[in-house]
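From just these sequences and the hints, can you work out the full model?
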Amino acid sequence: MNRAAFDYFADLLRRESGLQMTPEKYYLLETRLLHIVQQQGVAGIEGLASLLRRDEGNRAVRQAVVEAMATHETSFFRDITPFERLRDVFLPMFAAARAADKTLRLWSAACASGQEAYSLAMLLREYGAPFDGWDVRITGTDISHDIIARAQGGAYSQFDVQRGLPARLLVKYFMQDGETWRIKDDIRRMVSFRQANLLQPPPFAAGGVDILFCRNVLMYLDMSSRVRVLQGLHGVMHPKSLLFLGAAESAGGLGGMFAPLASMPGVYVRSDADTDLPRAP
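Counting in the numbering used here, the sequence shown runs from 1 upward without gaps.
Possibly wrong hints are sitting among the right ones.
As the list claims (entries may be wrong) - With a Cα cut of at most 27 Å, we get these calculated DSSO-like pairs of lysine-lysine:
#1 Lys-240 <-> Lys-102
#2 Lys-172 <-> Lys-184
#3 Lys-25 <-> Lys-102
What the hints assert, rightly or not - Now the in silico label distances, taken between C-beta atoms and shown as ranges:
#4 Val-42 <-> Asp-132: 53 to 61 Å
#5 Ala-248 <-> Asp-177: 30 to 38 Å
#6 Glu-73 <-> Gln-38: 46 to 54 Å
#7 Ser-192 <-> Thr-22: 34 to 42 Å
#8 Ala-280 <-> Ala-97: 21 to 29 Å
Bear in mind the hints are in silico, worked out from the structure with no lab data behind them. Given the structure is predicted, the values throughout are model-derived calculations rather than measurements. Ideal Cβ placement from N, Cα and C applies to all residues, glycine included.
Okay, structure coming up:
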């Protein structure tokens, strides 16, 4: 692959998904786009770049490139601390604050194959009585159509369920089908999935999300794309909403939209939040 082809795809990925592509990722780009090169019958990565330059309106191939380069690393209850904080600190608060209308809306952004969204569903089901009879809706979104289809299927390998999922929850909320484990219907009904690009307007009304997980996403994006994503997240939150980012991520210094909570790395409220929760200095 020559430098001109690499620069073309780096620019395409930045515009379409915000993904940063640095020169050390030459090999990754070649490897992940190989199947698209073969499908299109073109001469290598350079040929694929030429095809897209000639046919700028070929949305199907452009989307295939974006999906091929997306990172889908995930697991059940990944980095357990955010889930524990949600259960021990924040769910009691929402149970009291929303007792009148009995609704709770959660968004798992960039959900990959669905483990995070289903983890939230199991967490709420385990929490029990305070949310019995509530209208609880969990939405998982991802830029990849193929990965969303997998999430909707709710089927996981033995390797998948051994990563972060307690054996007690595996037995309680999954059914074994040969070497596959399938989410039981009562958990699947709590979660819906749809394709969405975080650089585009979010699929929620303003102020329509109570709890938002967008973890291990911003770290892959350039600065302007991070700001665009956070603007979208900010718009769907209300003054009592919570935003969970990855442990290595920060919303600080990006337009002053969010304020971190004290002693809770990765947990944010809107800067205009109506909350008594202590903020980090």
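Results of checking the hints against the structure:
Distance check on the hinted pair: Lys-240 and Lys-102 sit about 15 Å apart at the alpha-carbon level, within 27 Å; holds. Taking the CA atoms of Lys-172 and Lys-184, the gap is near 9 Å; set against the 27 Å cutoff, the hint holds. Our distance criterion of 27 Å between C-alpha atoms is broken by Lys-25 and Lys-102, whose separation comes to about 48 Å. Between Val-42 and Asp-132 the CB atoms are about 57 Å apart, so this pair conforms to the stated range of 53 to 61 Å.
Restraint check, Ala-248 to Asp-177: a C-beta distance of roughly 36 Å satisfies the suggested window 30 to 38 Å. Checked against the hint of 46 to 54 Å, the pair Glu-73 and Gln-38 fails, with Cβ atoms roughly 25 Å apart. Judged by the Cβ atoms, the range 34 to 42 Å given for Ser-192 and Thr-22 holds: they are separated by roughly 36 Å. One distance hint, 21 to 29 Å for the beta-carbon pair Ala-280 and Ala-97, holds here, with the actual separation near 22 Å.
The structure fails hints 3 and 6 (numbered hints given earlier, in ascending order).
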